[in-house]
Structure formats: structure tokens, C-alpha cells
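I would like the entire structure built from these sequences, with the hints used as guidance.
The listed protein sequences correspond, in order, to chains U and W.
Each residue of the first sequence is one higher than the one before, counting from 2 in the numbering used here.
Each residue of the second sequence is one higher than the one before, counting from 95 in the numbering used here.
Treat the hints as calculated values from the structure; they're not laboratory data.
Be aware that a few hints might be false.
[As the list claims (entries may be wrong)] Label-pair restraints from in silico Cβ distances:
1) U:Glu70 x W:Ile119: 18 to 24 Å
2) W:Gly138 x U:Pro132: 45 to 51 Å
3) W:Glu168 x U:Asp45: 23 to 29 Å
4) U:Ala178 x W:Ala152: 40 to 46 Å
5) W:Phe116 x U:Gly119: 58 to 64 Å
[Claimed, not checked] Non-contacting residues of chain U with respect to chain W, defined by C-beta distances greater than 12 Å in every case (computed):
6) Pro53
7) Arg56
8) Asn57
9) Asp58
10) Ala84
11) Ser138
12) Cys155
13) His171
14) Phe174
15) Leu193
16) Leu196
Note that the Cβ used here is the ideal one computed from N, Cα and C, for glycine as well.
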Amino acid sequence: MADRRGEPLDVRIDSPAREGLTGTTPASVYRPYEDAEQVTIAPDWRPAESQPAWRNDFPIDWPQDHYVERRDFMKFMVLTSLAFTVGQFWIVLQNWLRRRRGRPELMRLSSLDQLPVGSTHVFAYPSQHDPCILIRSDERRFVAYSQKCTHLSCAVVPQLDAGVIRCPCHEGFFDLASGRPISGPPRRPLSLVHLEIRGDDIFATGIEERTL
Amino acid sequence: MSVNRPFTRAQRATIVNGMLAFVLILVVLQLWLLTATMNAYLGGDASIIWPAAGASVACLALNAGLLRYLYRIEHTRQ
Numbered sequence: 002m003a004d005r006r007g008e009p010l011d012v013r014i015d016s017p018a019r020e021g022l023t024g025t026t027p028a029s030v031y032r033p034y035e036d037a038e039q040v041t042i043a044p045d046w047r048p049a050e051s052q053p054a055w056r057n058d059f060p061i062d063w064p065q066d067h068y069v070e071r072r073d074f075m076k077f078m079v080l081t082s083l084a085f086t087v088g089q090f091w092i093v094l095q096n097w098l099r100r101r102r103g104r105p106e107l108m109r110l111s112s113l114d115q116l117p118v119g120s121t122h123v124f125a126y127p128s129q130h131d132p133c134i135l136i137r138s139d140e141r142r143f144v145a146y147s148q149k150c151t152h153l154s155c156a157v158v159p160q161l162d163a164g165v166i167r168c169p170c171h172e173g174f175f176d177l178a179s180g181r182p183i184s185g186p187p188r189r190p191l192s193l194v195h196l197e198i199r200g201d202d203i204f205a206t207g208i209e210e211r212t213l
Numbered sequence: 095m096s097v098n099r100p101f102t103r104a105q106r107a108t109i110v111n112g113m114l115a116f117v118l119i120l121v122v123l124q125l126w127l128l129t130a131t132m133n134a135y136l137g138g139d140a141s142i143i144w145p146a147a148g149a150s151v152a153c154l155a156l157n158a159g160l161l162r163y164l165y166r167i168e169h170t171r172q
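Shown next as C-alpha cells:
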């Protein structure tokens, strides 16, 4: 059995030529079944006959290719997600180590006589790898900050006449009196070194990291 | 969720696109969490470190669950 033009029938049950047929129709009257899952569609959506020869010689199952590339990208994103989680726990570990170190010890920095008004003194506190700077801005006013810029850890330089601390790497500026960022890339204030004057000596008693 | 009946190729393409969009949103959220936590840690604020780590683990679990579901769909198909 075939349609009016003598061509094999479409196997789909809703095709017009199949109206009235029963389940007893022999299979030979139907066209060979094409699995819709296996049909290769070119990226320009044109039929296979319209494609250039090279595409017919090297056919690629584009829908499957798109599916696989999205699946692999998703796998890569899940690995990225794992990396971010590892990063979070690295911060947890660093915080635990910081708490374990406890409060830094008292350290003598200088005597009042050795630090005239308008001068600075560079020291390392609390460890040898933490450069800090002590500034005497007037007779009774002392401030000390970490010398590491909060942007990318360049060494900052105080400019007492302008009342600022400058980072020469990326032109970041901090307020001399408070250590807070004024302009440039830094967003966090410089770490503040707590000072104590005992007799004629200046001591560092602790360091405070700040977000605002 | 039952996956007894295999999804068609078009359905699987839609599913993977949807999952990918969800995963991307979660990864961007994790990136924001990491930068915010690092900023807080460097600023001496330790109060958000553990909650942020927990949220990041939850995002990872969701992402891994979605990927596992995708492979399960493929396995059912085969």
C-alpha cells in the first residue's frame, strides 16, 4: 500500500495519508523510519542537500555538539564553584592561624627625644614582615600605621605638609590623621598601630585592621 | 524526581541550558561571597567567615547536585 503518488507512507500516525489505515498494514509500505534524535541539523538550518560538499564529507551532529559543549562548560563551572569553596576555607584557616597567634607583644619604638615634630620612624610590627610607620605630626600627636597599602601592599609614604599618606604605585592617598582612604584605588584604611607613651618612650601595644 | 522516561534531545538541550543559567548565577554569588569575605577578613572582621563558608558549601552542593542530575539523565538515556 502506498499513497496516491505511489510513494511509501510516512510512519507518523498523524500523517494525512494514513487516515483510515488499520494496524494490519504491512510494514513494507512505510518509508524507512528516521529517528528524530539522530538527524543532523546544520548550523544554518538549511537541508543537507543545500550544504557545501565539505559539510557532507565531514558531518557534525550540531545539536549534540552544542549539548556536549554546554554540559562540559557546566562541569567546568562546578569545578570553579569547588575552587571558590576551597578559597572560603582557606580564609577560615588563615583566620584560625591569626587567632592562634594572639595579641602582639608590647614593643618599644622610639623615645620622644629621638622623634622631633614632623619626623617619621619606620619599624616592623608585629613581625619582621610587617613594616609600619610612626609619625609625629605635632608636639603631642603621634600616629602609626602599617606601611602596606591596602590596595596591593606597596609601601606608602607620608607627606606631612599635605596631611596625607601617599601610595606611589597607583596614586592612592590616605588621610594622615585617620589613615582612611581619600582617593585612588584603596578602599580600606591602613591598619592602625595602637601606641602608648610611657615616660619618655613610645610603645606599640597592638595592631587594628579596619574595614571602614 | 522520576527520570524513567528518557528525555528527548531537544528536552535535554533545554534542561542543560536552564541548569547552566542556574549554575552561573550560583558561581557569581560565590565569587561575590569570596571577595566580600576576603575584604572583611583583611579588615579584621571575622564574624562573617563561617557563615560565608557555609553558604559557599551550600552553593557547591546545589551545583554538584545539578551536574549529577544531568549525568543521571544521560545515563537513563543510554
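Hint compliance check: list the failing hint numbers for this structure, sorted ascending. 2, 10 and 15
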